[in-house]
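Protein sequences, first through last, are from chains A and B. Under this note's numbering, the first sequence has 132 at position 132, and the numbering climbs by one with no breaks. If you want this note's numbering, it's the position in the second sequence, counting the first as 1, plus 285.
Worth flagging that the hints you see were computed from the coordinates, not collected in a lab. Given the structure is predicted, the values throughout are model-derived calculations rather than measurements. Mixed in with the good hints, there may be bad ones.
[To be verified] Examples of chain A residues toward chain B, derived with CB under 10 Å:
{"id": "1", "residue": "Asn8"}
{"id": "2", "residue": "Gly20"}
{"id": "3", "residue": "Glu93"}
{"id": "4", "residue": "Arg161"}
{"id": "5", "residue": "Val174"}
{"id": "6", "residue": "Gly175"}
{"id": "7", "residue": "Thr177"}
{"id": "8", "residue": "Tyr255"}
In this text, a Cβ means the ideal position worked out from N, Cα and C, and glycines have one as well.
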Amino acid sequence: MRRKSNRNRAQNIGFFFLSGIATVTILPIVLIIGFIIVKGISAISWEFLTTFPTNGMRSGGIMPAIWGTILLTFVMTILCVPLGIAAAIYLAEYATENRFTRIIRLALITLAGIPSVVYGLFGLGMFVIFFQMGTSILAASFTLAIMTLPVVISTAEESLRTVPQAFRTVSISVGATSWQTIRRIVLPEAVPGILTGVILGLERAAGETAPILFTGAVFSLPSLPSSLLSPTMALPYHLYVISTQVPEMPLEIQYGTALVLLMFVLVLNMIATIIRARARAKRQW
Amino acid sequence: MKTNSGWREFAITKVIQVAGVSAIGIVLLIFFFLMREGLPALREVSMLTLFSTRWYPTEGLFGIMPLITGSLIVTLGAAMVAVPFGLGTAIFIAEISPRWMREMLKPLVELLGGLPSVMLGFLGILIFAPYVRILFALPTGLSAMTGSLLLGAIAIPTVVSVAEDALDSVPRAYREGAWALGATQWQTIWRVTLPAARSGVLTAVMLGIGRAIGETMTVMMVTGNAPIMATYMAALISPVRTMTATIAAEMGEVATGSTHYHVLFFIGIVLFFVSLVVNITASAIIFRQRKRSERILS
């Protein structure tokens with residue numbers, strides 16, 4: 001009996017300790033988000049969101065940076081999503097488990113682990129210099145697209161794999177070709193999962209600075225970019241610039257910029273969560 | 286009509302196959318372009334200079350050792366934060382917390398993973414560095430320590446989600462067996478569940494470390510960027526400069542094709558191989574374990 005109470009005490013202490021660790025880990029996330037919202041909200045105004053910076057960025061708005069991030073994310077999505085989904089279809093529906101497929105998976109693991117700044121170097125070497133795109137929206141979007149590709153491929157493949165095999169068998173047995181089966185049966189079922197993956201990829205790309213540092217982002221611009229071949233300002237880079245490179249930068253604008261960037265992330269994250277929850281509720285198999 | 290759709294089917298299948306192979310092509314392209322811009326460094330700078338201890342590019346001194354040790358010490362510090370807190374949180378989420386709490390905590394950890402690193406760097410400068418400075422009575426709070434703490438936070442989501450997955454995939458029967466023998470929940474976690482998930486947990490740690498080595502913006506903003514050799518643990522509280530931060534900080538200012546430019550690409554090659562080794566080791570651990578468990582179960 002006594003031994004039992006000792007063991008229970010060990011368990012209670014252990015659980016208490018682990019709860020403490022989890023609290024110390026997770027509470028700061030909530031605090032960080034709350035802190036930035038509280039500190040940044042006073043800077044947010046219609047003017048802040050829609051005007052150019054003035055006085056060496058120490059006053060005025062951050063509109064060109066917001067616009068740049070939207071543009072980069074949009075072009076990146078167009079470049080990366082079709083390729084990513086096609087590659088996922090190949091891995092989930094066509095590939096057999098052989099040495100070649102294993103090499104593809106190894107390549108995906110490698111891609112997922114390459115540091116973002118190395119993607120930046122690659123983008124500089126290939127898109128900016130070799131393909132002569134210059135530091136441009138296009139070069140930066142290509143770089144971001146390649147960096148996001150492994151995220152899209154692995155989440156899309158995972159959601160394609162959750163579609164039950166019976167769906168395919170039935171479709172093939174009533175005479176559909178394998179592409180028709182994928183197009184009409186498998187893909188529609190997997191869409192919510194794929195969408196979640198794509199949005200999480202976007203979230204990551206929208207916040208990245210290192211890959212666009214030498215491929216498309218600039219300090220400041222007199223006017224909005226006129227084509228995909230011109231460079232652009234971007235929110236994360238702007239936050240880096242005003243928090244490290246500009247002396248006597250008003251804190252309010254710094255926190256305001258951080259809040260706008262946070263909003264991008266939070267909104268994308270929320271959309272992904274909602275899609276996932278709704279798909280889970282609707283699923284009947 | 287029939288042949289037409291047959292041809293379309295053929296074309297689409299081909300497109301999908303090409304897309305499937307694209308990952309291999311991209312890795313090769315990255316490798317090629319890093320080599321193309323980075324290898325000339327070996328011709329322009331002698332090996333002896335390259336692996337010396339002084340990094341003063343303006344005077345032609347391109348010793349990358351201080352940058353390598355800088356990356357190592359910051360990553361080591363990050364691992365000391367991310368491993369206990371990440372694994373502890375993973376165990377808490379997977380084994381102890383009730384379902385409703387779990388549904389709440391997992392998205393929060395995921396959200397931390399989605400926070401832009403530049404934002405954590407920004408908060409690090411404003412909030413974190415001043416405390417580190419006061420706590421250790423330093424001239425500046427921008428030190429390896431500050432970088433390590435923040436990098437630890439950045440690596441935590443990776444560690445938590447991979448380790449939590451691993452713990453979650455331990456069959457319930459293992460735990461039930463332990464309980465049936467009279468083990469407490471706590472004993473079951475330590476003696477049964479964790480050992481069974483060992484390989485996944487190890488992978489989690491490796492991937493977390495890989496995440497920390499490659500992180501750029503946060504370390505560039507908060508580590509103080511002094512290229513000093515970090516040879517003692519005491520270097521944790523002095524300013525350091527990592528490989529990633531060096532590339533990010535200096536690439537914008539060098540002339541394309543100069544020696545400095547080539548050396549920065551060379552550092553990129555080193556980073557590429559480090560991340561390659563870390564990630565492939567991490568996935569090999571899982572792979573080997575799977576083979577072993579298949580052998581046992583068959």
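Okay, which hints does this one fail, numbers in order?
Hints 4, 5 and 6 are the ones this structure does not satisfy, whereas the remaining hints hold.
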